[in-house]
Amino acid sequence: MKLTSLLSYFVKAILLGAAVAGLLLLAFPKLRYQSGDYGSEILNSPPISYAAAVRLAGPAVVNIYTRSFQRSLRDGNDTELRPKSLGSGVIMTAKGQILTNYHVIADADQIIVALQDGRILTADLVGVDVPTDLAVLSISADNLPVIPQDQKRTPEVGDVVLAIGNPYNVGQTITQGIISATGRNGLSSMGPDSNGRQDLLQTDAAINSGNSGGALVNTRGELVGINTAAYHLSSNQESYGISFAIPYRLARRIMTELIANGRVSRGYVGVSTVEVDPVTARLLNLGDLSGLVVENLDPNGPGAKAGLARGDVLLMIDDQPLQGVRSVMDRIAESKPGQVVRFTVLREGKRQEIPVTIEEDLRFQHLRQKGSEGESPASAAEKS
Amino acid sequence: MRSTRPVVCALALSLGLVLSPITVQAALPLAVDGQALPSLAPIVAQASPGVVNISVSGKKVTRQAIPEPFRFFFGPNMPNEQVQERPFQALGSGVIVDADKGYVITNHHVIDEADDIMVTLKDGREFKAKLVGDDSQSDIALLQIDGKDLTAIPLANSDALQVGDFAIAIGNPFGLGQTVTSGIISALGRSGLNIENLENFIQTDAAINSGNSGGALLNLKGELIGINTAILGPNGGNIGIGFAIPANMVKNLMEQLVKYGEVRRAILGISGGELTSDLAKTFGYDKQKGAFVNQVMPGSAAEEAGIEAGDIIVSLDGNPVGSFGELRAKIATMGAGKQVKLGLIRDGKERTVTVTLKQADLTEAKASVLHSALDGATLTDSEPGSKPAGVLVKEVAENSPAAAAGLRKGDLILGVNRVRTENLDDLRKALKGKHKLLAINIKRDNSSLYLVLR
Chain A
1 MKLTSLLSYF
11 VKAILLGAAV
21 AGLLLLAFPK
31 LRYQSGDYGS
41 EILNSPPISY
51 AAAVRLAGPA
61 VVNIYTRSFQ
71 RSLRDGNDTE
81 LRPKSLGSGV
91 IMTAKGQILT
101 NYHVIADADQ
111 IIVALQDGRI
121 LTADLVGVDV
131 PTDLAVLSIS
141 ADNLPVIPQD
151 QKRTPEVGDV
161 VLAIGNPYNV
171 GQTITQGIIS
181 ATGRNGLSSM
191 GPDSNGRQDL
201 LQTDAAINSG
211 NSGGALVNTR
221 GELVGINTAA
231 YHLSSNQESY
241 GISFAIPYRL
251 ARRIMTELIA
261 NGRVSRGYVG
271 VSTVEVDPVT
281 ARLLNLGDLS
291 GLVVENLDPN
301 GPGAKAGLAR
311 GDVLLMIDDQ
321 PLQGVRSVMD
331 RIAESKPGQV
341 VRFTVLREGK
351 RQEIPVTIEE
361 DLRFQHLRQK
371 GSEGESPASA
381 AEKS
Chain B
1 MRSTRPVVCA
11 LALSLGLVLS
21 PITVQAALPL
31 AVDGQALPSL
41 APIVAQASPG
51 VVNISVSGKK
61 VTRQAIPEPF
71 RFFFGPNMPN
81 EQVQERPFQA
91 LGSGVIVDAD
101 KGYVITNHHV
111 IDEADDIMVT
121 LKDGREFKAK
131 LVGDDSQSDI
141 ALLQIDGKDL
151 TAIPLANSDA
161 LQVGDFAIAI
171 GNPFGLGQTV
181 TSGIISALGR
191 SGLNIENLEN
201 FIQTDAAINS
211 GNSGGALLNL
221 KGELIGINTA
231 ILGPNGGNIG
241 IGFAIPANMV
251 KNLMEQLVKY
261 GEVRRAILGI
271 SGGELTSDLA
281 KTFGYDKQKG
291 AFVNQVMPGS
301 AAEEAGIEAG
311 DIIVSLDGNP
321 VGSFGELRAK
331 IATMGAGKQV
341 KLGLIRDGKE
351 RTVTVTLKQA
361 DLTEAKASVL
371 HSALDGATLT
381 DSEPGSKPAG
391 VLVKEVAENS
401 PAAAAGLRKG
411 DLILGVNRVR
421 TENLDDLRKA
431 LKGKHKLLAI
441 NIKRDNSSLY
451 LVLR
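Taken in order, these protein sequences are the chains called A and B.
Counting in UniProt numbering, the first sequence runs from 1 upward without gaps.
Counting in UniProt numbering, the second sequence runs from 1 upward without gaps.
The hints are simulated quantities; they were obtained by calculation from the structure and are not laboratory data.
Heads up, some of the hints might be wrong.
Unchecked claim - Part of the chain B face toward chain A, derived, beta carbon under 7 angstroms:
hint : residue
1    : Q162
2    : G164
3    : D205
4    : G284
5    : Q288
6    : G318
Unchecked claim - Derived list of chain A stretches under chain B, where covered just means 3 residues or more per stretch with a C-beta under 8 angstroms from a C-beta of chain B:
hint : segment
7    : 132-139
8    : 172-182
9    : 296-309
All of these numbers come straight from a predicted model, not from anything done at the bench.
Quick reminder that beta carbons are idealized off the backbone N, C-alpha and C, glycines included.
Taking the hints into account, I'd like the entire structure generated from these sequences.
In structure tokens form, the structure reads like this:
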């Protein structure tokens, strides 16, 4: 009895529901097409487009032209300002601070910024950071379009991205692709001991000469990276589908430092290390700890001064276990010069603590010097 | 209470039944969520039969003037130039735009100087195509094939495109066979590239390569938005910078080619240049997109419509004008006699004028446009009223094919192949599509003679 009433209850509801659904579909035939296969859906819907993202981000990407004093063509003794290189830049703040690549403005005596609305302005150089190939410029103008940014969003491999820039000076160009690798945000990225392009964000969006310093944005128009064409241009290979950008968070960090201090200071210890392999780790009885073996020391570096020696196994820094070479490098790079850091090392089977006074990493100073002298026009011309 | 429950249940169920597909569809195409991956296959299936392979063959004529010392050895009877005909073959793509009449659009450079044009459909059928007409300045050619059951690709309104829209390129790169590539629209209204004389390109990062020329650029509805034409690539291959002629320009040119067999170049009668920020400021305009008018020619369409020097042209038929090059390309391809609405900025105020475009009269021409054997000669109509009327040779460059053929400065061209030509327009028509032997009748110092060109 109970079963039949329950059954009839369900049957009634289902029949009535199906009937109402049928009536609704008859009354609003539009609903029917929505349920077709993907193809008819795409053919009948308004076109899918990244136009909204382009509208948000495009105006904030500027064209950069540089000029430098070169010997005059007419009069060999005179010098004149002549066009030098071409690139792009991204307006990061309403105050007119612009991020671009260092190699775009290296050797420049005058930097000219062209906005997409037609305004042409000369820019001041706020600061450069050679290891990350970044530079901050500033322009003074009103109503500047600023690139959308979201510091909390983490880019992932497979995200759709758009590259915005001025390749070969054809005018502002948008190309599309996905993120192929995400890169790193640590301060030791792209330094002399880093593994180069693996620190960078990789994309298959076309990035060419002149795109350097331009924006890589996601489908919301938010900045994901600063494009850099220098890598494949310096290796002189035409690579389609493998392009690089400096990750947004790293770029933002460098920019903040450059605006505050005019330069980025990185901590320096002067040791190079390799990770301890599992067999050695077992032999040394390291347990859960991973270690780094000191391979080489800068004899004048703070590590050597403090008494670190070849063959020492680093176990902890300030009582915190190590998590691979990369993170140790970031930690040291991010320490302030003058700061004392305690290294726990294993030497001849005994643990001991060695305090090291961090110094500033000066290995890029000569590069900056060279840049300001305008030494090598040929190498700069190769890059975008 | 108990009787209302089934009704509520039924309503919920029916709503669920009807609306369930919508929530699923809304996630496409970027998030996939267990559904079939987004694919362009349905669009490609619909449009790809409309894209054809074009193969051409012909003979390229190369001329070499024979140096004086040889003539000294071989005597005055030796011909003063060596003419070589070298056969060539080339590949390209084309788009069927009218299934009933069999019209196929391609690039002029694909079929340039071809004697035979073969069109191969996707289903394998092969047709010999007839050249209806072409325009070298905008790089468009219209062919016709005699086939049944053709699939045409409808033309989209290319003025409605936006940077960031998806684009699909279909063509025959490197002769591999039909190939589909995808990308987005990178920029619009691109001019000043010096690829063609008239430039108003759509730029795309969809891979376009040699052999894609004349092929289709489609939107996601499978409609034609452009004809793929050129790329920028330092080493010859694609680097993500390709250019297509917009569909609206193609539509205008096609109408003229169908009607007259040639393009009746329209002219506005202004000279000018790009609007710089300084010019804009001076003329009280706060944006920097537009074409600046330097000079208005007397008696021109622009003068009749009331356009003045110093005006800034900012729109054409309601669509914004980005640059002078874009305006020039759009006007020149519209066809003479068309009425257009131009938006102007004058004294900081916007106004609209209606212009009836006039036909550009070909009063002086670089002769290479007319015929390759005339390369190096500058031609002009003879003075009005002079008898007999003809085409005056104003200049002949040294060592040029025209000079080698025996043409001299001051010659008056009266006819071609026994067809009387009274002006450049006649000459142009008489020479159209003829790449073989030509006998031109000229008057030189009161004597009449024939020159044979090949």
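The hints, checked one at a time:
no.	hint	in the structure
1	Q162	holds (4 angstroms)
2	G164	holds (4 angstroms)
3	D205	holds (4 angstroms)
4	G284	violated (15 angstroms)
5	Q288	holds (2 angstroms)
6	G318	violated (19 angstroms)
7	132-139	violated (count 0)
8	172-182	holds (count 5)
9	296-309	violated (count 0)
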